[in-house]
Amino acid sequence: MSSLVKSRLIKFLLSLIIVSIAVLIIIFNLRDNIIYFYGPTELIKNSDKQGQIMRLGGLVSVGSFQNETESIFYFSITDGENEIDVKYEGILPNLFAEDKGVVVEGVYMNDGRFIANKVLAKHDENYMPPEVIETLKKSGKWQGE
Amino acid sequence: MSLYIFYISNFLLLLCLTASLMQSSKIINNKIFARPGVIVLAYVQLISILLSFLILIYLFLISDFNIDLVYFNSHSEKPLIYKFSGVWGNHEGSMLLWILILVLFNFLFALSRRISERFKEITVAVQSIMIFGFVAFLFFLSNPFAINQNNFFEGIGLNPILQDPLLAIHPPVLYVGYVGFSLVFSLAIAGLITKEVDQQWASIVKPWVFSAWAFLTAGIALGSFWAYYELGWGGYWFWDPVENASLMPWIAATALIHCVLILQKRNVMQSWTIILAILTFSLSLVGTFLVRSGILNSVHTFASDPGRGLFILLFIFLILVFSFSLFAYNSEKINETSSMDLISRGTGIQVNNWLLITILTIVLLGTMYPLATDLLLNKSLTVGPKYYSTTIAPIIILFLFFMFISPRLGWTDTKLYKIIIQLRYLIITSLTITLIISLYFELFDLTEILIIFFSLLLTISSMTSSLNFNKQNILVRTNLGQNLAHAGFGILMMAVVSNAVYSEERIYNAKVGDNLQLQKYIFSFDKIEQVEESNYNSLKAYFLMKKDGKLIDTFTPEIRFYSNPPTITSEASILHKFFSDIYLVMNVPQDQQSISVRMHIKPFMTILWLGAFMIIIGGIISASIRVGRSDEK
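Chains as they are written, first to last, in our numbering: chain A, 1 to 145; chain B, 1 to 633.
Hint data in this document are derived by calculation from the structure and do not stem from the laboratory.
This structure is a prediction, so every number in the text was calculated from the model and none was measured.
There could be a bad hint or two in this list.
As the list claims (entries may be wrong) - Quick list of in silico lysine-lysine cross-link-like pairs, DSBU-like style, CA-CA up to 30 Å:
{"id": "1", "chain 1": "B", "residue 1": "K333", "chain 2": "B", "residue 2": "K195"}
{"id": "2", "chain 1": "B", "residue 1": "K333", "chain 2": "A", "residue 2": "K11"}
{"id": "3", "chain 1": "B", "residue 1": "K333", "chain 2": "A", "residue 2": "K6"}
{"id": "4", "chain 1": "B", "residue 1": "K265", "chain 2": "A", "residue 2": "K6"}
{"id": "5", "chain 1": "B", "residue 1": "K418", "chain 2": "A", "residue 2": "K11"}
{"id": "6", "chain 1": "B", "residue 1": "K26", "chain 2": "B", "residue 2": "K195"}
{"id": "7", "chain 1": "B", "residue 1": "K386", "chain 2": "A", "residue 2": "K45"}
{"id": "8", "chain 1": "B", "residue 1": "K577", "chain 2": "B", "residue 2": "K520"}
{"id": "9", "chain 1": "B", "residue 1": "K550", "chain 2": "B", "residue 2": "K527"}
{"id": "10", "chain 1": "B", "residue 1": "K415", "chain 2": "A", "residue 2": "K11"}
{"id": "11", "chain 1": "B", "residue 1": "K265", "chain 2": "A", "residue 2": "K11"}
{"id": "12", "chain 1": "A", "residue 1": "K49", "chain 2": "B", "residue 2": "K379"}
{"id": "13", "chain 1": "B", "residue 1": "K520", "chain 2": "A", "residue 2": "K118"}
{"id": "14", "chain 1": "B", "residue 1": "K511", "chain 2": "A", "residue 2": "K100"}
{"id": "15", "chain 1": "A", "residue 1": "K100", "chain 2": "B", "residue 2": "K379"}
{"id": "16", "chain 1": "B", "residue 1": "K511", "chain 2": "A", "residue 2": "K87"}
{"id": "17", "chain 1": "A", "residue 1": "K11", "chain 2": "B", "residue 2": "K195"}
{"id": "18", "chain 1": "B", "residue 1": "K547", "chain 2": "B", "residue 2": "K577"}
Could you build all of it, start to finish, from the sequences and the hints given here?
Here it is in structure tokens:
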């Protein structure tokens with residue numbers, strides 16, 4: 001083999017190895033890090049999702065908010081049809097309030113409760129996360145345009 | 001009054017459309033539009049757009065609410081600077097700014113010398129086709145000068161999150177970066193048409209591509225700076241789709257600038273350089289318009305109708321189809337002359353090109369996958385930030401290695417072991433420092449240790465080679481930009497890793513009189529005050545930071561209540577020290593008695609910004625050195 005062909009061959013094989021390793025790593029990592037979004041009704045129907053990290057969104061039910069200590073909170077998230085009780089330990093965003101839209105991230109437990117480790121912040125009072133609008137539309141409780 | 005302005009400004013837009021059409025016709029060598037010349041038309045394009053932009057600024061400053069755009073995005077009580085920055089804090093205004101920069105690059109290029117007349121004509125013609133497209137889009141689909149007859153007395157206001165001095169400069173800087181690549185794209189197309197993609201072409205492209213890259217880097221850094229200081233999220237990068245959208249053209253552009261350099265020095269990789277130029281500009285378009293279209297939801301999204309999004313998608317599609325068919329048709333005629341030796345600087349740069357494309361793919365996949373499942377399967381999901389960090393970290397290790405070794409290799413075959421022997425002191429020093437760091441700070445993760453080691457190696461190696469005065473004195477001086485940027489990247493990576501490992505966060509719910517602890521510091525919650533400002537009311541908390549009973553500093557995190565439009569924002573209070581930032585944010589949820597305080601220790605933030613700054617300065621230096629080393633012999 002001439003040195004030109006040889007060097008091209010080495011380059012080609014090297015890039016092939018790099019590409020295939022990279023593709024494998026990317027795909028496995030992507031699969032491990034996907035966080036799905038559910039509404040309360042959807043989540044209750046898919047009880048096999050228990051134990052996974054996911055996002056849950058809807059409205060904070062009126063009258064459901066309580067704090068046990070100063071940083072442990074309980075509230076329910078509703079889509080007007082079903083409710084899921086949420087326990088959250090941490091800091092609540094400025095705009096968190098009953099009857100407002102909310103998205104939380106955490107684990108759906110075997111007993112049907114949701115342990116949240118994040119309450120996602122919103123930017124203004126009238127803003128409603130698109131996923132929450134979608135959830136409310138699915139349950140027929142959406143009153144916007 | 002408003003009606004006159006409406007006519008004048010629309011006349012100006014039409015004037016620019018006409019000039020751009022005449023300019024574009026020069027792409028075919030015709031006699032009809034030989035006059036007026038390229039420079040005259042470029043003047044007309046620039047002046048018409050500049051005037052309409054100034055008119056728009058004027059309308060915002062006098063708060064003329066008969067103009068729809070001013071009514072929806074401004075408020076008479078806003079401070080002057082935000083009336084001014086409000087001009088581009090909306091879809092139409094930012095489009096006009098985008099076009100202004102497009103025209104400005106066109107103009108500057110038309111004035112540049114030492115370029116063959118025909119090549120200049122074609123480049124300007126391609127650029128003018130884009131100007132025509134965007135001005136037509138502005139004129140027909142998002143006219144900033146649309147008027148209403150309602151005689152409103154007051155406007156709706158600008159989103160308070162956007163009311164920040166940094167936000168007055170972040171979009172223009174980012175846009176100069178994005179739009180700068182439009183000229184690089186036009187140059188690539190002109191090169192394909194004239195079939196002259198060679199060393200001379202690379203010399204013409206070099207200053208433009210480097211300055212666009214430096215601006216894009218600065219734009220991203222400013223955005224990240226803003227997120228850190230203004231949004232109060234306690235971090236500088238979140239792998240948010242919007243951030244990714246600006247990172248993708250940056251990655252492609254980083255590959256591109258290195259290819260332009262190889263092309264200039266060795267006359268190889270012509271096709272790949274052209275592909276990268278097209279890719280970078282397409283990603284810049286995606287970067288601007290994906291963000292603006294409303295597909296991604298974030299602060300950056302301006303309300304927009306589907307027609308606009310469709311136009312931009314169509315435009316990107318046309319650009320891709322046109323340029324790649326031209327490429328397929330003409331690429332054989334761009335001669336690939338020599339090939340490279342296996343162990344040489346060229347190979348090193350090529351490998352890093354591949355690594356950059358891999359990182360680009362990772363980011364692209366992570367950003368687009370949720371969009372795709374949402375559109376195709378109607379299923380919402382998010383890709384967690386861990387996907388990016390765990391996938392990219394191992395690639396960064398390889399990337400840093402090649403970044404360190406490549407500049408040390410020659411352009412022709414080099415013996416690797418000789419280089420290693422030559423650099424033995426450097427390697428031993430870096431290894432020792434890394435060992436000390438990892439033992440002292442109890443750092444035992446292999447990936448993190450390797451990143452620190454290679455970053456250190458890269459930084460020291462780049463710094464010493466710019467100070468190293470050997471016999472090839474000239475080479476040393478012209479490489480200052482490269483060495484500075486490379487050292488900056490090493491510093492940035494070290495700061496990123498140590499910041500990720502040693503950041504600490506504490507969350508408390510506090511009442512006045514409470515003492516909160518973060519590491520060795522005690523924070524006493526002293527008092528809480530209400531303050532009235534011209535455009536908002538605020539709730540200000542005072543925390544006294546003490547160490548060993550001694551008062552060190554007072555922190556005043558704040559919550560602002562804006563009324564136009566009604567919004568609440570949290571303002572962080574930050575103490576900068578050389579090795580770490582201490583960062584306090586507070587929140588007051590509506591159904592709660594006490595305030596919540598989030599406290600962060602963010603190590604190496606100052607060093608992180610320093611690294612980014614060095615990269616930007618390096619880019620500017622490389623852009624301003626007109627003639628690179630034509631050849632080292």
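Okay, the hints, checked on the actual structure:
| no. | hint | verdict |
| --- | --- | --- |
| 1 | B:K333 <-> B:K195 | holds (6 Å) |
| 2 | B:K333 <-> A:K11 | holds (24 Å) |
| 3 | B:K333 <-> A:K6 | holds (26 Å) |
| 4 | B:K265 <-> A:K6 | holds (24 Å) |
| 5 | B:K418 <-> A:K11 | holds (22 Å) |
| 6 | B:K26 <-> B:K195 | holds (17 Å) |
| 7 | B:K386 <-> A:K45 | holds (29 Å) |
| 8 | B:K577 <-> B:K520 | holds (15 Å) |
| 9 | B:K550 <-> B:K527 | holds (19 Å) |
| 10 | B:K415 <-> A:K11 | holds (17 Å) |
| 11 | B:K265 <-> A:K11 | holds (21 Å) |
| 12 | A:K49 <-> B:K379 | holds (15 Å) |
| 13 | B:K520 <-> A:K118 | holds (27 Å) |
| 14 | B:K511 <-> A:K100 | holds (26 Å) |
| 15 | A:K100 <-> B:K379 | holds (23 Å) |
| 16 | B:K511 <-> A:K87 | holds (23 Å) |
| 17 | A:K11 <-> B:K195 | holds (28 Å) |
| 18 | B:K547 <-> B:K577 | holds (15 Å) |
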